[in-house]
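**Student:** Chain by chain, the residues run as shown.
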Amino acid sequence: SQQGEEDPQALSIQEGENATMNCSYKTSINNLQWYRQNSGRGLVHLILIRSNEREKHSGRLRVTLDTSKKSSSLLITASRAADTASYFCATDAKSNDYKLSFGAGTTVTVRA
Amino acid sequence: IAGITQAPTSQILAAGRRMTLRCTQDMRHNAMYWYRQDLGLGLRLIHYSNTAGTTGKGEVPDGYSVSRANTDDFPLTLASAVPSQTSVYFCASRTTGERGEAFFGQGTRLTVV
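Those sequence lines, one after another, are chains X and W.
Just so you know, we're using our numbering here: the first sequence kicks off at 1 and counts up by one.
Just so you know, we're using our numbering here: the second sequence kicks off at 1 and counts up by one.
FYI, nobody ran anything at the bench for these hints, they're computed from the structure.
All values reported here derive from a predicted model rather than from experimental measurement.
Keep in mind that a hint or two might mislead.
The list that follows gives simulated cross-link-like pairs (lysine-lysine, DSSO-like), each with its CA atoms no further than 27 Å apart [as the list claims (entries may be wrong)]:
# : chain 1 : residue 1 : chain 2 : residue 2
1 : X       : LYS56     : W       : LYS57
2 : W       : LYS57     : X       : LYS70
3 : X       : LYS26     : W       : LYS57
4 : X       : LYS70     : X       : LYS56
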């Protein structure tokens, strides 16, 4: 089974609104990463948060991490039509391995 | 080459045929990965390699094999393709020192008929 599970599966918002999506995972992690995928393209890294961090910002993105609940959230503020994409969380499990496991993703549609 | 390159971009393959998907990176990353992406299932890890000469199984390894003869190349082979292997395949790589971000290729769309 996949390590990360995103919620919701799909999200439709008006331009200018905020979009929030969540990720839950199962095992201890070194870090958690968020990626974006535009239709038909490869994934692009957005932001990484390490297990000893609780919150991180990058431009209009804010990521939180709660290791006690094994969950993370990604907030996109003041959304734009160009933010329409699928968003995935990926977990780097705490182990000697370097596996990177992805969830099923959240599809975000920003309406103009 | 800049970054990570996959070939072919797309392929239609007859069931039972053998196929190798190619992946090459020029970033000298130690770790490389193969994922398949199916609608509603996100990305599932097929095989990975922590460094040249080593490989490991992911979530869905059956029917696939990989090799890592050098740092740059990580080919994925379907020995005898089946229709359930119809998918979009992504290769990715990253450094192992910082356990940082992964860089993805543009994907290979494979249809097995």
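**Student:** All hints, please: hold or fail.
**Tutor:** Here is how each hint holds up against the structure:
no. : hint              : result
1   : X:LYS56 - W:LYS57 : violated (32 Å)
2   : W:LYS57 - X:LYS70 : holds (24 Å)
3   : X:LYS26 - W:LYS57 : holds (19 Å)
4   : X:LYS70 - X:LYS56 : holds (16 Å)
This entry does not satisfy hint 1, going by the numbered hints stated previously; all others are met.
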